[in-house]
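K.L.:
Construct all of the structure, not just a fragment, from the sequences and the given hints.
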Amino acid sequence: MWNIREEDMGLFEIENRNRLSPDYIRIFYGGVFAYTSIPMLIMFLGVLLNGDKISLTPFETFLVRSEVKLYILELIFLIIFMSSKVAFKLQKLQAIVTLFYSFQLATLPFIVMMVEGMFDFPSNNETLVYIGLIMLGALCTHIVTTIDVFKKAKHGGYKSEGPAVSFFTNAKLYLSIGMTIGVMVLLILIFLNLNYTFSQMAIYVVQTIILYTFAVVSAEFVLLVYCRFKFPSFNITWEQHEKERQEFIANRKRIREKEQKRNKN
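Those letters in the sequence shown? Residues 136 to 400, per my numbering, in order.
Bear in mind the hints are in silico, worked out from the structure with no lab data behind them. Here the structure is a predicted model, which is why all the values come from computation and not from measurement. Ideal placement from N, C-alpha and C gives every residue a C-beta, glycine not left out. It is possible that some hints are incorrect.
In silico DSS-like cross-links for lysine-lysine, where the CA-CA straight-line distance does not exceed 25 Å [said to hold, decoys possible]:
hint, residue 1, residue 2
1, Lys289, Lys220
2, Lys388, Lys378
3, Lys227, Lys204
4, Lys294, Lys307
5, Lys307, Lys287
6, Lys286, Lys365
7, Lys378, Lys224
8, Lys393, Lys378
9, Lys287, Lys365
10, Lys227, Lys294
11, Lys286, Lys227
12, Lys289, Lys227
13, Lys227, Lys287
14, Lys220, Lys365
15, Lys289, Lys307
16, Lys227, Lys388
17, Lys220, Lys378
18, Lys393, Lys365
19, Lys220, Lys294
20, Lys188, Lys204
21, Lys227, Lys365
22, Lys365, Lys224
Computed Cβ-Cβ distance ranges for the label pairs, DEER-style [as the list claims (entries may be wrong)]:
hint, residue 1, residue 2, range
23, Gln395, Leu176, 47 to 55 Å
24, Val182, Gly317, 31 to 39 Å
25, Lys286, Pro257, 40 to 48 Å
26, Arg387, Leu176, 19 to 27 Å
27, Leu205, Ile282, 24 to 32 Å
28, Gly267, Thr315, 14 to 22 Å
29, Cys275, Thr196, 24 to 32 Å
P.N.:
Structure below.
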């Protein structure tokens, strides 16, 4: 559908072997799991210590059960991909799981603001609507950015050779400004609605920044899924990875030995 050619993806293929390699993505998994564990541990401790005093609405119950299941899924994938060899053997699946982890990082911590009965974080129906609009805006941002990334790939924006191509337009600038203003207005409305303290609002602001950051960043994760399933060059074998790693270690050793000899002389 997008008519993306493998030979036009040189720069992204380099990213696939470096920043987005199966080995390095495992570090991202660990970071996401650690961050999302904070609200989940608070929730588990709350249930353990005050379970008989906690009263949840049907919506809060649904939200908590859903997030617990997704968190368990996080843990399962983390265990599966802890092995570097498994990460390379299942790198197509890993690309899809990376999208899931990005989604978890962006959305799970919002449970703190949405489940008042468990986290004692002031909330009402208006606040939930504002949070829903913030998330809807992030979803729209992700869709627009993903389409833009695929257009960039289609028109040679990831070529490793040739002049750099700019895909920035005034329309994108105005859209970004409009989205930023909209999110700021929603955050102000949340603040005015329940008269939050600045420390509570700081949690909203930080998580909203993370939400929109990964709404943009995860567009490349979608492209990564596409490339790993379509292009053979994006799937490096475990054996090839080990060979390149050993060659890299040997080269570093030779360079170090030469430097030591030069220093002695």
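K.L.:
Of the hints given before, which are not true for this structure?
P.N.:
As far as the earlier hints go, 1, 16, 18, 19 and 26 are violated by this structure, in ascending order.
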